[in-house]
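**Q** Chains as they are written, first to last, in the working numbering: chain A, 698 to 1120; chain B, 816 to 1319.
Simulated from the structure, these hints should not be mistaken for lab results.
Some clues are possibly wrong.
With a cut-off of at most 20 Å between alpha-carbon atoms, the simulated EDC-like pairs for lysine to aspartate or glutamate come out as follows [as the list claims (entries may be wrong)]:
no.: 1; chain 1: B; residue 1: Lys889; chain 2: A; residue 2: Asp1053
no.: 2; chain 1: B; residue 1: Lys839; chain 2: A; residue 2: Asp1053
no.: 3; chain 1: B; residue 1: Lys1059; chain 2: B; residue 2: Asp1071
no.: 4; chain 1: A; residue 1: Lys821; chain 2: A; residue 2: Asp863
no.: 5; chain 1: A; residue 1: Lys817; chain 2: B; residue 2: Asp879
no.: 6; chain 1: A; residue 1: Lys1054; chain 2: B; residue 2: Glu897
no.: 7; chain 1: B; residue 1: Lys900; chain 2: A; residue 2: Asp1057
no.: 8; chain 1: B; residue 1: Lys900; chain 2: A; residue 2: Asp1051
no.: 9; chain 1: B; residue 1: Lys889; chain 2: A; residue 2: Glu1080
no.: 10; chain 1: B; residue 1: Lys900; chain 2: A; residue 2: Asp1053
no.: 11; chain 1: A; residue 1: Lys989; chain 2: A; residue 2: Asp1017
no.: 12; chain 1: B; residue 1: Lys839; chain 2: A; residue 2: Asp786
no.: 13; chain 1: A; residue 1: Lys1085; chain 2: B; residue 2: Asp865
no.: 14; chain 1: B; residue 1: Lys889; chain 2: A; residue 2: Asp1051
no.: 15; chain 1: B; residue 1: Lys1045; chain 2: B; residue 2: Asp1071
Not the full set, but computed from the structure, chain B residues with beta-carbon under 8 Å of chain A [unchecked claim]:
no.: 16; residue: Trp821
no.: 17; residue: Leu856
no.: 18; residue: Tyr872
no.: 19; residue: Arg1078
Owing to the predicted nature of the structure, the values given are computational and were not obtained by experimental measurement.
Backbone N, C-alpha and C fix where the C-beta goes; we use that ideal spot for every residue, glycine too.
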Amino acid sequence: MNIISNIKTTGCETAPVLRERGQREVFCGLTSIVWLHRKIQDAFFLVVGSRTCAHLVQSAAGVMIFAEPRFATAIIDERDLAGLADIDDELDRVVNRLLERRPEIKMLFLVGSCPSEVIKLDLKRAASRLNREHLPNVRVLNYSGSGIETTFTQGEDACLASLAEDLPKYTGKANLVIAGSLPDAVEDQFTRYLKEMGIDVSFLPGRRSNAMPAVGPNTVFLMAQPFLGDTARVLKEKGATALQAPFPFGAEGTTLWLKAAATHFGVLDTVFEKITSAPRQRAELALSKFKKSLGGKSIFFFPDSQLELPLARFASRELDMKLVEVGTPYLHTQHMAQELALLPAGTMLSEGQDVDKQLDRCRAARPDITVCGLGLANPLEAEGLTTKWSIELVFSPIHGYEQAGDLAGLFARPIARSERLAV
Amino acid sequence: MQLTLWTYEGPPHIGAMRVATGMKGLHYVLHAPQGDTYADLLFTMIERRDRRPPVTYTTFQARDLGGDTAELFKSSCAAAYERFKPEAMIVGASCTAELIQDDPGGLASTLGLPIPVIALELPAYQKKENWGASETFYRLVRALAKSGTKRAANTCNILGPSALGFRNRDDIVEIKRLLTALGVEVLVTAPMSASPSDLVKLPEAAFNISLYPEVSDGAARFLEKNFDQKFTKTIPIGVGATRKFLAEVAALAGLDATDLIAREQGRLLWYSKSVDSTYLTGKRVFVFGDATHTMAAALMAKNELAFDVVGIGTYSREFAKPVRELAAELGVEALITDDYLDVEAKVAELQPDLVLGTQMERHIAKRLGVPCAVISAPVHVQDFPARFSPHMGFEGANVIFDTWVHPLMMGLEEHLLHMFRDDFEFNETAAPSHLGHQKQETAAPGDVVNATLNWLPDAEAELKKIPFFVRKKARRNTETYAANHGVNHITVETLYDAKAHFSK
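Starting from the given sequences, assemble the full structure and let the hints guide the process.
**A** Right under this line is the structure:
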């Protein structure tokens, strides 16, 4: 296990973090519905909110949605606010219309929004009322994706936390739960490695409402995504134990992440090496090709998905890129401890945002590539900066060995385009 | 509470952003929670704008709600002024900020900024995007327009084009070209490309051209009432409407449009007359969009392409009345709704040959296997083509001819398919040559009227001889006929009885 014992941790654990509170150019948690509704195939997400919420989810989903979406918005109007209509009756009416139209739906999430939070609409109570009516055909859960409480991927955290509250109790021998939605193909790869090591693994969320994992005191869990603070808390409350590891990006990250599970389950090093060496070498080969074009290039991360720290670690350690600034909407120091340890000393970390000031820093630094949201990408390109729009990092399969090259490719392509365009 | 799968319009503050983003030297400070900044990407991605919209959001969070959100608004407003130094500012609240009632207008006025600051009241739980754009533009004009020396009779302003407007970028170019050819001078185009100081000068022009009433009607009426500026009522979409528009402008400007109208032809009229277009005659079209584009498209479809308009509708409730009047004229019922499911049901019921709609109807038409062309906002990245592609004026009519005819079977191709329908390449699995090689949808919702009906083998075989592109309709008509006449077993006779019954 050379790869693991040889790791030098230079470390950013105690590095100062620039904390800013100004305009934040980030999505709210509702946006995560765009991938969550593809992941849980018989779930429907009903946002209880305003026309703005409907417009946001639709705009974020954009052209990605080809089938009839399994999300919608119950738009609160002035009659609801003025008390002319009973808002509970109205919600029941909307839910009934929806479930009549989509009888295949087995799980319904009532998703709170900024307006529903501000008027203190009790969706938890609404969910239990609706459950009395619709169980066992449909299970109704609730969580908040509001912008006043969540940014972007925190919506997934809130959703998975609500699912976790509801998981059946696990009483068997030791099992492993991987938390965080992953593309099916990536899940299948991880399942294959872990099964070969003799580890019983399941995923949160499951692909269908009746395929959610069971959790109990014999459960350990690994987080596949770095933004699952609340989900981890609920799993711990249910008796499960968290395994600490860097996140599974790149050859090194994936190895350390799988190794955390292997160590816990007492998998022999030789067995671990036998199962992981071939895919790890494929990943290293794929990355070595990208190192030529990306090595030495500078990269600037605007805060977006909380994936920034693990991705910066990957870019720095496996692609030899130079980190100019690594911004994150929220820095969970405990979950990020291992990532922080692997970042080069002196990395400029920032939490929160004051977008105009951050843009000033970015323009001054003129990085070779800037990872940012869609609202900033074209304006920065127009100023001559090469950008990678960060939402693609959330939507694309980037975890694990077989996707390490694809992940590097996401950074390499914009740079290649800038270099190729000849007029 | 309304169940909404897709919305045709965003909330009203998006309308205000369309005005602000179209303009220069104006800044919008929006009291809004974290997350509302998503709106920036509409402009930077859909319209491919090369700079951020001139909008500062307060992006308050839960922890701010317990503290002082009013102070947050004031500091954001002051910082925005310092950084961007705009000529004027608009301030307002999005839906959530409306609920916390911080009064952005009052707060901004306490800052004593040395520029005009215009407060917007955009009720997010009652109104929508176009209303918000119209109200914002009206408030700006009302606050800024000052009487000045009237210019010559041939001077005008163009009112209505905004950021994210459907083909506005190219429409203005084409309309200005025609106005110049007519001898009319355009002083200000607003909101798109105008600065607050340009709005001050609006009353100097002799008259106004109201190009997109959804945005410009309020401002045009205000200017008429207060500064005695008449404004145009004709929307120049289609050859007929463009001619009428030029005549209307000429009358307002004291000019003569006869020569220009005779000289400018465009190609649409000849293309519609050429023999190949025989196949367009009587195609059944359903039209849905904003009021302006729907009404213009319906008239064009009827008068300039010889289509049958089988239904029209709009999501612009503010303009329901003229749409209903036009529907009555056309002998159809108007569908006034912003519920996507209602529109889908209507298209499924009418089974038109072509849908002229928005990006939403493109989804619906795709699901139902009906060709579709887009005529109206809400916009999509496809509605901002790299090439010059107006919908207004004579060039606009050319563009529309191509846009509407493209999704249909080409005329000669339709004849060949009919003649050689048993040919190995001309079967139902072969898509029209100009649409690539994807397989035709074989079944769509609404295909089968009654599953209990029994097609006898002879009838089924006869049905297969009907060209595939009308076979679906023949099947449906036959089954409707059978169901209405109590026929359970469909024979060849039933098939032809139904054909006779439905042929006009």
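**Q** Mind checking the alpha carbons of Lys1059/B and Asp1071/B for me, to see if they're no more than 20 Å apart?
**A** Roughly 12 Å between the alpha carbons, so the hint for Lys1059/B and Asp1071/B holds.
**Q** Assess, step by step, whether the Cα of Lys900/B is no farther than 20 Å from the Cα of Asp1051/A, and give holds or violated.
**A** 18 Å, holds
**Q** Is Lys839/B close enough to Asp786/A, meaning Cα to Cα at most 20 Å?
**A** Status violated; Cα separation ~47 Å.
**Q** Does Glu1080/A sit within 20 Å of Lys889/B, going by the straight-line distance between their CA atoms?
**A** Given that 20 Å is the threshold and the Cα spacing comes to 30 Å, the pair is violated.
**Q** Just to be careful: measuring from the Cβ of Tyr872/B to every Cβ in chain A, is the smallest value less than 8 Å?
**A** 6 Å, holds
**Q** Given the hinted pair Lys989/A and Asp1017/A, is their Cα-Cα distance within 20 Å?
**A** 9 Å, holds
**Q** Hinted pair, alpha-carbon criterion (20 Å max): Lys839/B, Asp1053/A. Please report holds or violated.
**A** 19 Å, holds
**Q** When you check the alpha-carbon spacing of Lys900/B and Asp1057/A, does it fall within 20 Å?
**A** 17 Å, holds
**Q** Hint Leu856/B vs chain A: min CB-CB distance below 8 Å?
**A** It holds, given that the least Cβ distance between Leu856/B and chain A is near 4 Å, below 8 Å.
**Q** CA of Lys889/B to CA of Asp1051/A, is that 20 Å or under?
**A** Status holds; Cα separation ~16 Å.
**Q** Quick one, is the Arg1078/B hint okay against chain A at 8 Å, beta carbons?
**A** Interface hint status for Arg1078/B: violated (37 Å vs cutoff 8 Å).
**Q** Taking 20 Å as the top limit, are the C-alpha atoms of Lys1045/B and Asp1071/B close enough?
**A** Holds, because 18 Å separates the two Cα atoms, which is no more than 20 Å.
The earlier numbered hints that this structure contradicts are 9, 12, 19.
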